[in-house]
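Here is what each chain is made of, one letter per residue.
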Amino acid sequence: MQKTDWNTLSDEDFRSQVRAFFHANYPEHLRYPKTRLRWVQVKDWYLTLSKQGWLAPAWPQKYGGMGLTPPKLLIFMEELELHGIGRAPDMGIVMVGPLLIQHGTEEQKAYYLPKILSGEHVWCQGDSEPNAGSDLASLRTEAVLDGDHFIVNGQKTWTSLAQDATHIFMLVRTDKKAKKQEGISFLLAETSTPGVELRPIRNLAGHEEFCETFLRDVRVPAANIVGELNRCWTIAKALLSFERIGIGGPKQSQYAMARLEELALQLGLTEDQGFMDTYARYKLDVLDHAALYERFVDQVRRGETLGSDVSMLKIVGTENYQKISQLLVETAGSAGGLVGDVDIGGESFDWLTSYYNARPATIYGGSNEIQRNILSSQVLGLPS
Amino acid sequence: MTDKPTPDAAALAERDDQVRLLRDSVIAFAAGRLPLMRARKLRKAQPEFDPAMFAELAGQGWAGLLLPEEFGGFGLGFAEARVVIEGLSAQLAPEPLVPVAVLAAGALRRCAKSARRDELLGALAEGTSVPAVAWQNVAGSLELEQPPFTAVRAGEGWTLEGEARFVRPGSGATVYLLLASTPEGVALFAVEPGSSGLEMKTEAQADGTSLARLRATQLRVSAAAALTLKREDLAAALDEALVMNAVELLALIVRMRAMTLDYLKTRMQFGKAIGSFQSLQHRSADMLIQEELTRAVVGQAVAALDDDVPQHTRTSMASRAKARAGEAAMSTAREAIQLHGGIAVTDEYDLSLYVNRVLSLAPWLGNAQAHRRRYVRLNPPVAASEG
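Sequence lines, in order, name chains A and B. In this text, residue positions in the first sequence follow our numbering: the first is 1282, and each later residue adds one. In this text, residue positions in the second sequence follow our numbering: the first is 128, and each later residue adds one.
Excised from the complex, chain A in its bound form (with noise of 0.2 Å):
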C-alpha cells in the first residue's frame, strides 16, 4: 500500500477526499444508525476502511496508522459524523492502540496492533465495576501473581459490546495493600479465557448494547501487563480525558433540535407562542455551544494541548441534548409514549430513540457532577 502523508493535503483537499470516500463506500443503509452497530453489521465497512488504510487516523504511519495531525484528525471526525457513519466497536482502535504504542512492549505492539487493523481482534473496555464509577479509583477486581500467570477475580460492568469482542483491557489492582491510587494495572485478556462470564445488561429502551463481565479464576498470562506495574492510574486518567472533546461536540444536539424543528413543523407549532419561546432558547443554546466548541477547536488546530476546561464542552453538550429530546417527547403530546417510528403527517418520527440514547450521555465518560467537579477544582480553584 503506498503511503501517502496526508498531513501535507491542504484541509480543503483532505477533506474533499475523504468526504468522496465515504460517500462511495459506507453502506446507505447503516447511515445515522438508531443504536450502536453490532460487529455483524459494521464488520465489512471495518474492513473496507482497513483496506484504504483509514480505520486508525490518530495512530503513527508506522504503526499502520494515517498519523493525522490533531486539526486532520478533526476534519476527518468530522466528515464521519456529516455523513452519519455508525461507531463500529472501536476500542482496539480508540483506547487500546494509543495505549500500546505509548506504553506498550515491542512484542505487544507487533502482536496486537495489525489483529486490531485487520478486525482479527475486537476490544472491550473493562474500567467500571459495580461499585467503582464515578470513583473509579476504588475498583476491587484483583490480579493475583502465580508463577508466569495472574489469577483474575471481580466483576466488570457497562462494558459496551462485550459480546462482539474478543478481547478484553481491564484495570484491575495489582497491590491491595497501595494507596487506592497505587496499586491499578492495565491487564489484556481474551474473553475466550475459561472463567470469563458475559451477561448481557438489557438497557432503558430494551437493546443489549453493554454486559456485565463476571471473572472468575481467570489465568492471564503474566506478560498482559501494559506499562509498568501497579503505576497506571495516571495513564488511565489520560486516556479518559482523551474522551472529553469527543464527547463534547453539538452534532447529537443538531440532529435531535432539526427533528424538533420538523416535528413543531409538522404539528403547526410555529405560531404556538409557548412553544416558540421554549424553541428558541434550546435553538440559541445549541448554537452557542457551537460556538464554544469552536473555541476549543480552534486551539486544537493550532497545536495548542486542551485544558482541564473542556469539561464544560461536555456538560453545555449533553444537557442540551437531554433537554431538546425530553421537548421533543412532550411535543409529541399524547403519542409521546410510542414506541419506534411514529407516524406524523406522512413524516416519520423516533423520539423515544432520542430520548433513551439523551440518558447516558450525561452519565458516561464521567458524569456531568465529575465534570462540574473538575471544573471547579482545576480551573476556579475551589478548595476541597
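Derived from the structure by calculation, the hints contain no laboratory data. Only true hints are included.
Residues from chain B that face chain A, not an exhaustive set, calculated with beta carbons under 7 Å:
| id | residue |
| --- | --- |
| 1 | His409 |
| 2 | Arg447 |
| 3 | Arg499 |
| 4 | Val503 |
Beta carbons are placed, not taken as given, at the ideal position from N, Cα and C, and that holds for glycine.
Go by the hints and put chain B onto chain A.
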C-alpha cells in the same frame, strides 16, 4: 467552513498585537482614572456622567475609534472597540460610549453627506458633542417600521410630531437625533435639548443613570437638521450597538463571577472556606460555563461585524450575542448574590453596583427574550433534509 480566502497570517498577528496593546492601555487608564468609588459617587448625578471624563475618553481617541479618519476618527474595528468598552464597563464608567461612539456614530456616518452631519461627526470624535439617538417608539419595538416621530414639510423646514422612549444617555446629551418617517422614507433630525416643541422627561434606571422620554409637539426644525438614511443603515448601526452592549454585559459577568470566586475562597463557615462545599462548587462551574458561552458568542459576533458579513447574518449574530449576554448577566447576578449571602444585598458592597448596572443594561435595546424571538423570526424552523 467558509469559502472565503484565509486572511494573511502576518496581518492577523499584527491586528492581534494592536488589540493587545490597546487592551493594556485601556486597563492602565481604567485602573488609574476610573475607580469604582467614582462610579458610586456619580449615581443619580446630573448629568449622569462626568462630561470632563467623556472629553478625556475622546482625547484618548475612544469616542471616534470606529469613525473613518476623514471625520477625525481612527478607522479602527470592532475588535478594538470591544477592548475599550470592556475596560470601561468593568469599572462601571457611566460615560455613554456605546450610545454615542457606537450607535450615534454608526447611524450618523451612514447618513447622506451634509454639512450638519460632518459637523456632528467631527464634534463627536472630539468629545465636544454627545448625540443620543431617539429611535424607539413608546412601545419599545425593535423594528424600524414604526418610527417614533412623523415629519411633514413646513415651508423650508419640517414639523415633527411623536414620542420616543428609552433614549440613552437620559441626561447630558447635547443633541438628539430623532428618528422620523418622512414622505420619502426616514431621517434623523438633529435637535438641541430645550428646543421649543420638544418636551423631555427622564426615567430613572436601577444603576443611577436614566433613559430619556422625548415628546415632539409641533416641533419646528430647519431643513439642514434632516439627515436622511436608509432603514437598513440604521439597523446596521443598531446591530453594532447590540453587540457592543453584549460586550459591556460580558465585562460585568466577568467581574461578578470573579468577585464571587474570591468570596468563596475566603469566606469561612463551619470551619472551612465555603468554596469547598460541592453544591456551591457546581453552581460556580455553571457560572463559568455561562461566562464562557457568552465569550464565545460575543467573539463570533464581534468578528462578524469586522468581517462585514451579510445583513441577515449580522442581525442574527447580534441577537444571539444579546440574548446570551443578557440572560447570562441576569443569571450571574442572581447566582453571585446567592453565593455571597447577605452581604450582597447591601448597597455598601460593590456587587450591588454591578447588579444594578446589569438591570439597566440587559433590557436596553431589547432583553434576552426579545432577541431570542427576533432570532427565531429571522430564522424560522425549516424542514431540513438529512445528511
